[in-house]
Amino acid sequence: MAKITYIESNGKEHVVEVADGLSVMEGAVKNLVPGIDADCGGACACATCHVYVDEKWLSKMPPKQDMEQTMLDFANDVHDNSRLSCQIKVSAALDGLVVRMPKSQH
Amino acid sequence: MADHVVIVGGGQAAAQAAASLRSEGHAGAITIIGEEIHPPYQRPPLSKKYLSGELAEDRLFIKPPEFYEASGIGLKLGVTATAIDRSGKRVATPKGDVAYDRLILATGSHVRRLNLKGSSLANVFYLRSIADVDLIRPHFEKGKHLVIIGAGYIGLEVAAVAATRGLKVSVVEIASRCLARVTSPVISSFFDGVHRKAGVHFHYDARLEIFEGHDRVEDVLVNGEKLNADFVIAGIGILPSDHLARDAGLTVENGIVVDEFGRTSDPDIYAAGDCTVHFNPFAGRKVRLESVQNAIDQAKIVAAAITGKPKSYAEVPWFWSDQYDLKLQTAGLFSPTDQVVLRGDPATAKFAAFYLRDGVLAAVDAINAAPEFMMGKLLIAKGARLDPARLADPAIPMKNVAT
Ligand SMILES: Cc1cc2nc3c(=O)[nH]c(=O)nc-3n(C[C@H](O)[C@H](O)[C@H](O)COP(=O)(O)OP(=O)(O)OC[C@H]3O[C@@H](n4cnc5c(N)ncnc54)[C@H](O)[C@@H]3O)c2cc1C
Ligand code: FES
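Protein sequence lines, in the order shown, are assigned to chains F and D. With my numbering, the residue at position 52 of the first sequence is 52, and numbering never jumps. All you need for my numbering is the position in the second sequence, starting with 1, plus 106.
These are calculated hints, taken from the structure and not from any lab test. A few of these clues could be false.
Derived CB-CB ranges, DEER-like [said to hold, decoys possible]: (1) TRP57/F x LEU484/D: 25 to 33 Å; (2) ARG243/D x SER59/F: 37 to 45 Å; (3) ASP311/D x HIS79/F: 51 to 59 Å.
Which residues of chain F face chain D? A partial, calculated answer using Cβ under 10 Å [as the list claims (entries may be wrong)]: (4) ASP20; (5) VAL29; (6) ASP39; (7) ALA43; (8) CYS44; (9) ALA47; (10) MET61; (11) MET67; (12) GLN69; (13) MET71; (14) ALA75; (15) SER91.
Subject to a maximum C-alpha distance of 30 Å in a straight line, what follows is the list of computed DSSO-like cross-link-like pairs (lysine-lysine) [stated by the list, open to error]: (16) LYS103/F x LYS488/D; (17) LYS103/F x LYS3/F; (18) LYS103/F x LYS30/F; (19) LYS64/F x LYS303/D; (20) LYS89/F x LYS169/D; (21) LYS155/D x LYS30/F; (22) LYS12/F x LYS417/D; (23) LYS488/D x LYS155/D; (24) LYS103/F x LYS505/D; (25) LYS64/F x LYS154/D; (26) LYS417/D x LYS89/F; (27) LYS3/F x LYS155/D.
All C-beta atoms, glycine included, are put in the ideal place defined by N, C-alpha and C.
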């Protein structure tokens, strides 16, 4: 279980508990946090689950697979701390994680 | 009073239409009438991680059940709409009529069934719903003989899950190659090779004769050969669920005809998803798409039209398929007369086939090759005219192939 803070592009914060094994994307969808579309449902096929990971958490993130990196390369407003949230698996190690959503996923 | 929008069908398009109506500011009531007992869910994992058991049922749901209540969206589940009364603006159901101001048809599609001697025996399955997979899964035991009818995406995805589990898998296909309807021979032969390596047997140009057995199929007769079967899964295509629309006198041509705003021939009735046909600018003709992309994007267009902000549908079609550790991503719509340009070596399982139509990029199939897919999608949207030599040269990054 991890407490995750999702921050919408307008600054609105949502702090929710997410069960281990779910993805950061699923944590948002299940808790009605807006700002993540996730059109492909986590198949790493759409890049509409883009988030910015808080700088303090970057070192604790699981590494990106090739597919995630190359999908991200073609998303909008990509920064060094960009991730596809469907590819980040939640565990106790991510307790306290803070992610921000982009203005739009398209 | 603000309009009551009724959505018939409770799948991908229905959930998106309801969510988008709310996010676009629709203030009136919204009611979803869905035949299945589950809240709207994603079908793609049904032949992938739900079949393999990696995903639990609740992880298929597009939105958690609380979403609908919190958003003021009424869910009538396990209820089948049986007729539309257009002049009275009512939808009939066995549980009473539901009055609408605007109606959205999001009824999806249903499987084409086999019609052969023995095809209605108990161990012949189809795969469209959670209920279907729940019936199939207990048969997925190591060593069992599975005969798959149809080498389309669903048949091949099921073959991949089954072969990985250690079942003995045969695939029977009427065409001379797998994925014949949707892609080029290079991609077909790539997937044929991958599955063969995993132990799957293919029977192409297959003349399916009968299913033998008393209360259960025991053998499948193909081209005079007997294939032993503990169970059979047929994936031989789907048909649009358009009969409500047809009975109500809407224009239907192998799917409910919609314009670029998702409107049917009745100004108060819209439609989205698998049940529709539309003129697609990337195909240059009317098409019926069977994809999450189309369900989502048409649903958004319909919500935009109903909330008075019409936008026309102009998305490049895209799709994906997961088999073993391979991800196929496709954008655009392939046509058999396209020029095929290969980029990368299929032997590395990381390559793409691009399809040029009169020199303009029309479609791409990318295998474990996201840049080819993502950039390809952008270039298709632009109608880019490409130099086949540059496209075929992996030393030129995808971002630069057009320049
Ligand atoms: C096994 C499988 C794997 C797939 N894999 C992929 C993939 O990898 N990528 C991809 O892009 N697409 C994939 N698809 C296709 C994708 O799931 C569909 O295109 C998408 O679900 C279409 O959404 P829809 O809302 O139009 O229809 P559906 O999701 O089919 O929903 C329609 C719903 O309406 C209900 N309904 C029908 N008639 C009535 C009525 N009269 N009254 C009440 N309810 C009614 C149906 O029961 C159904 O629940 C797959 C499909 C299947 C079956
Ligand atoms: S949900 Fe589609 S890539 Fe993450």
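Against the structure, the hints:
1. TRP57/F x LEU484/D: 25 to 33 Å: Holds - the Cβ-Cβ distance for TRP57/F and LEU484/D, about 31 Å, lies within 25 to 33 Å.
2. ARG243/D x SER59/F: 37 to 45 Å: 41 Å, holds
3. ASP311/D x HIS79/F: 51 to 59 Å: 53 Å, holds
4. ASP20: Violated - the Cβ of ASP20/F stays beyond 10 Å from chain D, reaching only about 13 Å at its closest.
5. VAL29: 7 Å, holds
6. ASP39: 5 Å, holds
7. ALA43: 6 Å, holds
8. CYS44: 7 Å, holds
9. ALA47: 7 Å, holds
10. MET61: Check failed: Cβ of MET61/F comes no nearer than 19 Å to chain D, outside 10 Å.
11. MET67: 6 Å, holds
12. GLN69: Where the cut-off is 10 Å and the nearest Cβ of chain D is about 8 Å from GLN69/F, the hint holds.
13. MET71: OK, holds: MET71/F within 10 Å of chain D, min 5 Å.
14. ALA75: 8 Å, holds
15. SER91: Cβ of SER91/F sits 17 Å from chain D, so the hint is violated.
16. LYS103/F x LYS488/D: Given that 30 Å is the threshold and the Cα spacing comes to 24 Å, the pair holds.
17. LYS103/F x LYS3/F: Since the Cα atoms of LYS103/F and LYS3/F sit roughly 23 Å apart, the hinted pair holds (cutoff 30 Å).
18. LYS103/F x LYS30/F: Roughly 20 Å between the alpha carbons, so the hint for LYS103/F and LYS30/F holds.
19. LYS64/F x LYS303/D: 29 Å, holds
20. LYS89/F x LYS169/D: Status holds; Cα separation ~19 Å.
21. LYS155/D x LYS30/F: 19 Å, holds
22. LYS12/F x LYS417/D: Holds. LYS12/F to LYS417/D sits at ~28 Å (cutoff 30 Å).
23. LYS488/D x LYS155/D: 35 Å, violated
24. LYS103/F x LYS505/D: 24 Å, holds
25. LYS64/F x LYS154/D: Distance of about 22 Å is within 30 Å: holds.
26. LYS417/D x LYS89/F: 36 Å, violated
27. LYS3/F x LYS155/D: Within the cut-off at roughly 26 Å; holds.
Hint compliance for this structure: hints 4, 10, 15, 23, 26 are not met, and every other hint is.
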